[in-house]
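**Student:** Sequence:
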Amino acid sequence: MQMIFLKKTKILQILFSLLVLSSCGNDNKTKTAATPTVEDTLPKMKPLGPEKKISQAYKNSVIGRINHFYYKNWPNNSMNGSFLVARNGQIIFEKYNGYANKNEGTKITAETSVQIASVSKVLTATAVLKLVNAGKIDLDQKVNTILKTFPYEDCTIRMLLSHRTGMRNYAYFTDHDKSVWDRHNQLTNKDILDLLATKNIGLESKTGTRFSYCNTNYAMLALIIEKITGLSYKEAMSEMIFKPLGMTHTYVFDDDKDRKKIVPSYKGSGVEIGFDYLDNVYGDKNIFSTVRDLLKFDRARQSPDFLKPELLKQVYTGYSNERKGTKNYGLGIRMINWETGQNYYFHNGWWHGNTSSYITLIKEHVTIIALSNKMTRNTYAVRKLAPIFGDYPFNFKDEE
Numbered sequence: 000m001q002m003i004f005l006k007k008t009k010i011l012q013i014l015f016s017l018l019v020l021s022s023c024g025n026d027n028k029t030k031t032a033a034t035p036t037v038e039d040t041l042p043k044m045k046p047l048g049p050e051k052k053i054s055q056a057y058k059n060s061v062i063g064r065i066n067h068f069y070y071k072n073w074p075n076n077s078m079n080g081s082f083l084v085a086r087n088g089q090i091i092f093e094k095y096n097g098y099a100n101k102n103e104g105t106k107i108t109a110e111t112s113v114q115i116a117s118v119s120k121v122l123t124a125t126a127v128l129k130l131v132n133a134g135k136i137d138l139d140q141k142v143n144t145i146l147k148t149f150p151y152e153d154c155t156i157r158m159l160l161s162h163r164t165g166m167r168n169y170a171y172f173t174d175h176d177k178s179v180w181d182r183h184n185q186l187t188n189k190d191i192l193d194l195l196a197t198k199n200i201g202l203e204s205k206t207g208t209r210f211s212y213c214n215t216n217y218a219m220l221a222l223i224i225e226k227i228t229g230l231s232y233k234e235a236m237s238e239m240i241f242k243p244l245g246m247t248h249t250y251v252f253d254d255d256k257d258r259k260k261i262v263p264s265y266k267g268s269g270v271e272i273g274f275d276y277l278d279n280v281y282g283d284k285n286i287f288s289t290v291r292d293l294l295k296f297d298r299a300r301q302s303p304d305f306l307k308p309e310l311l312k313q314v315y316t317g318y319s320n321e322r323k324g325t326k327n328y329g330l331g332i333r334m335i336n337w338e339t340g341q342n343y344y345f346h347n348g349w350w351h352g353n354t355s356s357y358i359t360l361i362k363e364h365v366t367i368i369a370l371s372n373k374m375t376r377n378t379y380a381v382r383k384l385a386p387i388f389g390d391y392p393f394n395f396k397d398e399e
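Positions 0 to 399 (numbering that gives the first Met the number 0) are the ones given, in order, by the sequence shown.
Worth double-checking, as some hints may not be accurate.
Here are the computed lysine-lysine pairs in the DSS-like style, where the Cα-Cα straight-line distance is at most 25 angstroms [unchecked claim]: (1) K242 with K129; (2) K141 with K307; (3) K58 with K383; (4) K233 with K43; (5) K129 with K141; (6) K43 with K129; (7) K312 with K141; (8) K362 with K45; (9) K312 with K45; (10) K362 with K383; (11) K58 with K94; (12) K307 with K242; (13) K43 with K141; (14) K307 with K51; (15) K147 with K135; (16) K256 with K226; (17) K266 with K106; (18) K233 with K259; (19) K129 with K147; (20) K135 with K189; (21) K198 with K226; (22) K233 with K147; (23) K242 with K43; (24) K312 with K362.
Just so you know, these hints were derived from the structure itself, not from any lab.
Could you put the whole structure together from the sequences, leaning on the hints where they help?
**Tutor:** Here it is, written out as structure tokens:
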């Protein structure tokens, strides 16, 4: 009897244990099911994909003229930077010269990331446009519906992108008056917004009445990117643009972390240029990249699913038409519009000793990029290459 009782007791214990384990399993399932999966709704750039292969004969037909241009503008390999020409995403010509860091004796290579200065605006605008395209914001949405303390109530996102806000440049209104800003302190994007909100910073012109190129516009766009995505500008740019396109040598400079790691910039004389209180502001500048990474970016902007057609058309529309002329500005891109109907799209940059030029000849599928970390205006001369590829009626006679 005692044996039977013990057997029954063991069986009951086993059954109870199985019941408890089963219950725990169900609890785990319930917990798993109750944990919501966060959907990644961040709009991201996509690579263009394979393009029509260019022939060696075509390369041979243009490479001599590019070579001539290069050695005329930078004789004896005097360029300090990187230079690339590509068609259909395929590199026709590239050169890397000079020091990344003179003190360390390191040379510039295809993997050397340099400050692209105001060419950063094209990338900032691209992130904003992707958010517009995804329906997360509207081009004509008032800025103060997103940045609640922004004081200029008539200003819209479109006006920020096209430099029609009438705002003053933050570099000027923080420069002289200590009651506005003490230059011993690093200025940030949030500081700029706070100053606009509290220091009665007047407008240069009435909002929406004229074009005036102003870095403050793009510092505010960076804050809008942060507010809408819930990420820092650095993270948002990485997740939306750099990572999806394989731009492995591109990043947003963080003054607190990157000072000792970055490629410094130099005066034309070769003297290194130090940092200042404006070096923490991003959106208008402060992206570091390479010519090859920027080529990937340019080709992705030509992808059919980059933006909806009606939005894309607005990007390449000129918004500075109050004075007759060929020079114009779209949504994050400079342009020249000739009466012939030919259009030329580009953006230049300058910050400290860094100069940059990004040219996209859309009809010809040609990309031209030059980056330098030693002060020179010759970086901007790369526009002289445009007539090699299409009917671009530049007059260079006065510049020879």
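**Student:** Each hint: holds or not?
**Tutor:** Evaluation of the provided hints:
no.: 1; hint: K242 with K129; in the structure: holds (15 angstroms)
no.: 2; hint: K141 with K307; in the structure: holds (22 angstroms)
no.: 3; hint: K58 with K383; in the structure: holds (18 angstroms)
no.: 4; hint: K233 with K43; in the structure: holds (14 angstroms)
no.: 5; hint: K129 with K141; in the structure: holds (18 angstroms)
no.: 6; hint: K43 with K129; in the structure: holds (7 angstroms)
no.: 7; hint: K312 with K141; in the structure: holds (21 angstroms)
no.: 8; hint: K362 with K45; in the structure: holds (20 angstroms)
no.: 9; hint: K312 with K45; in the structure: holds (19 angstroms)
no.: 10; hint: K362 with K383; in the structure: holds (17 angstroms)
no.: 11; hint: K58 with K94; in the structure: holds (16 angstroms)
no.: 12; hint: K307 with K242; in the structure: holds (22 angstroms)
no.: 13; hint: K43 with K141; in the structure: holds (24 angstroms)
no.: 14; hint: K307 with K51; in the structure: holds (23 angstroms)
no.: 15; hint: K147 with K135; in the structure: holds (17 angstroms)
no.: 16; hint: K256 with K226; in the structure: holds (23 angstroms)
no.: 17; hint: K266 with K106; in the structure: holds (17 angstroms)
no.: 18; hint: K233 with K259; in the structure: holds (18 angstroms)
no.: 19; hint: K129 with K147; in the structure: holds (22 angstroms)
no.: 20; hint: K135 with K189; in the structure: holds (22 angstroms)
no.: 21; hint: K198 with K226; in the structure: holds (23 angstroms)
no.: 22; hint: K233 with K147; in the structure: holds (22 angstroms)
no.: 23; hint: K242 with K43; in the structure: holds (9 angstroms)
no.: 24; hint: K312 with K362; in the structure: holds (14 angstroms)
In summary, the structure agrees with every hint in the numbered list given earlier.
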